[in-house]
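Go ahead and model the full structure; you've got the sequences and the hints to work with.
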Amino acid sequence: MTRSWPNLSPARAVAPDALPGAPDRRLLKRLWRHRSGRRGLILGAMLLALTLLGMVWTPYEPDWPDYTVALQGPSLAHPFGTDDTGRDLLSRVMDGAHRSLGAALAVLGGVFSIGLVYGCISGLARGLTDTVMMRLADVMMSLPGLVLAFAVIGVLGPGFVNLLIALIVADWAWYARLARAMALGARDRPEVIAARMAGVPRWRILSGHILPGIALHLGVVASLALGGMIGAISGLSFLGLGVQPPHAEWGAMLSTQRLYFAIAPWLLWAPALMIFLSVLASNLISNALRDILAVEGRR
Amino acid sequence: MIRVALRRFAQALLTALAASLLVWAMLPLAPGDPAYRILYSQTQKEPLPAEIEALRHEMGLDKPLPLQYAQWLGKVARGDLARSWRTGQPVAEEISRRLPATLTLVGLALVVSVAVALLLALISAAFRDRWPDRVIRVYTQIGAALPTFLFGLLALQYIVVGAGVGKVLSGGALQMAILPALIIGIDRAAGWTQLLRASLIEAQEAGFAQVARARGARPRRILLIHALPNAALPFLTAIGVSVGALLGGSPIIEELFTWPGLGSYTVAALSARDFPVIQAFVLISALLYVAASLLIDLAAIALDPRLREAHP
Numbered sequence: 001m002t003r004s005w006p007n008l009s010p011a012r013a014v015a016p017d018a019l020p021g022a023p024d025r026r027l028l029k030r031l032w033r034h035r036s037g038r039r040g041l042i043l044g045a046m047l048l049a050l051t052l053l054g055m056v057w058t059p060y061e062p063d064w065p066d067y068t069v070a071l072q073g074p075s076l077a078h079p080f081g082t083d084d085t086g087r088d089l090l091s092r093v094m095d096g097a098h099r100s101l102g103a104a105l106a107v108l109g110g111v112f113s114i115g116l117v118y119g120c121i122s123g124l125a126r127g128l129t130d131t132v133m134m135r136l137a138d139v140m141m142s143l144p145g146l147v148l149a150f151a152v153i154g155v156l157g158p159g160f161v162n163l164l165i166a167l168i169v170a171d172w173a174w175y176a177r178l179a180r181a182m183a184l185g186a187r188d189r190p191e192v193i194a195a196r197m198a199g200v201p202r203w204r205i206l207s208g209h210i211l212p213g214i215a216l217h218l219g220v221v222a223s224l225a226l227g228g229m230i231g232a233i234s235g236l237s238f239l240g241l242g243v244q245p246p247h248a249e250w251g252a253m254l255s256t257q258r259l260y261f262a263i264a265p266w267l268l269w270a271p272a273l274m275i276f277l278s279v280l281a282s283n284l285i286s287n288a289l290r291d292i293l294a295v296e297g298r299r
Numbered sequence: 001m002i003r004v005a006l007r008r009f010a011q012a013l014l015t016a017l018a019a020s021l022l023v024w025a026m027l028p029l030a031p032g033d034p035a036y037r038i039l040y041s042q043t044q045k046e047p048l049p050a051e052i053e054a055l056r057h058e059m060g061l062d063k064p065l066p067l068q069y070a071q072w073l074g075k076v077a078r079g080d081l082a083r084s085w086r087t088g089q090p091v092a093e094e095i096s097r098r099l100p101a102t103l104t105l106v107g108l109a110l111v112v113s114v115a116v117a118l119l120l121a122l123i124s125a126a127f128r129d130r131w132p133d134r135v136i137r138v139y140t141q142i143g144a145a146l147p148t149f150l151f152g153l154l155a156l157q158y159i160v161v162g163a164g165v166g167k168v169l170s171g172g173a174l175q176m177a178i179l180p181a182l183i184i185g186i187d188r189a190a191g192w193t194q195l196l197r198a199s200l201i202e203a204q205e206a207g208f209a210q211v212a213r214a215r216g217a218r219p220r221r222i223l224l225i226h227a228l229p230n231a232a233l234p235f236l237t238a239i240g241v242s243v244g245a246l247l248g249g250s251p252i253i254e255e256l257f258t259w260p261g262l263g264s265y266t267v268a269a270l271s272a273r274d275f276p277v278i279q280a281f282v283l284i285s286a287l288l289y290v291a292a293s294l295l296i297d298l299a300a301i302a303l304d305p306r307l308r309e310a311h312p
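Keeping their order, the protein sequence lines are chains A and B.
Under the UniProt record's numbering, the first residue of the first sequence is numbered 1, with each subsequent residue one higher.
Under the UniProt record's numbering, the first residue of the second sequence is numbered 1, with each subsequent residue one higher.
Don't take every hint at face value.
Claimed, not checked - Reference listing, derived: stretches of chain A covered by chain B, where coverage requires no fewer than 3 residues with Cβ under 8 Å from a Cβ of chain B:
#1 151 to 162
#2 236 to 243
#3 255 to 269
Note that these hints are calculated values from the structure, not bench results.
Even for Gly, the Cβ is constructed at its ideal location relative to N, Cα and C.
Rendered as structure tokens:
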């Protein structure tokens, strides 16, 4: 999948020390002041609003065919047109939004949590445990993410949940490596040493001093991958490996309607526009994040 | 340098072995009994317990797992990739027919994307913040926001079909690969242009470039002679990642262009859960990727003296 980042894995391009300006809670404000960050936030907010609206209300029933209006071009009644069974495309992209975007967020949440736990255990345990855990991660990282994803789909079979599992398996190791590097670094930070000397119990040091910093940092790295993940999910859905009919999902809509593109090109527009805008919004925000966090210190 | 290269080679061999273990493990990890599934998919009837038992014995599924892996690895090393569960045809035969088509498309797309990215990044860095740079940045933003399959769909719809250029159906020959490769390459180049532009600009501002500028070197010379070689390394790594993405994405790409390669063979196998075919796809893509990363790392070691010492 083509993103500004090599493929599924942003962590591949972002070295552990590539975000020297520690992310903090004023991040949103700084994003808003950044030019492309603001554009991304506005676009993202609009898409989010459309997604949330689509979960409770759509102009028409998204999965309900109405053959009397099959394959109609854009009109006032159907702004994006209708598909081969007369379903309203606006309703379908609105309904599909929470599957497409929710899937990307679910995968990122999955790799974030697994990476955080795995990396922290590995980094804090050190010794043989660390070596074995990291060798396993190395093997995963030495194979292309999509190839791994196809292997998992091969084992589990096609399906929406299996697709999410496959993408998590494909990418978790990058986050685990990053979390481990940060856990190793955190042990020697002044405030952690000070806390240790002050007799703070180990679990409180872990939960109060080490984890929050790593989690925030890793969360930002994960958010950089959102655009690539939306693209990857829509690509795999395009193969028919994701959401199964009749449910709407952007990639799946492109896949099932492809036969009619030659006579009804509007079938392509609605899902393509939604994918494009969501990836664009994520890219704008992640470019701004990268600017703010990595370059700010030097300017 | 030789020691570093040899170490890297040994590492690649170990990775390949680990990948083979992973591929083999797909079968025992998958839910359900493979013998039952094979018999069922071939006859579409409930197989008898005796038939299942016989096939399990024939496939060696009643042996201990390490022995199964060793036997599987031995077969694979001799080029025997078992038979497809659906068709009963040897997988290796079909793959040897389809692999050249995939390699042609992946190779050509790679060449296009590298050439486009190199050219645009150089223009962008040379005319920084002036109009050529602005135009190129609009292209990279759009290209990066369109997944390859979507860009391909749009290009097929509006350029190929709309303008009547070329044929949509492709036959796997070199001439036929040009159009898909252009489409894939132009989309993939967007991300690499951004990356290379950033590293070129960084190199243009580095100390050595400022020294050259102070000594009166012209901007073009600084860009091409001083900045480009220093920006080449991240680009080289990017090519390696790209090989992986193209191989991994080949099912999507080939489905899109109806390209008769490894990927489209795999798409059909995925929904039918035809294990030998999926395993062969994963194994071959993984081995090709490991080999490509090895070559690229060796090239990087040869190009950059720092890498010869850096790894202990």
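For each hint, the structure was consulted:
1. 151 to 162: With 7 residues closer than 8 Å to chain B, the region 151 to 162 of chain A meets the three-residue bar; holds.
2. 236 to 243: It holds: at least three residues are needed, and the region 236 to 243 of chain A offers 5 whose Cβ sits within less than 8 Å of chain B.
3. 255 to 269: holds (count 5)
Hint compliance for this structure: no hint is broken.
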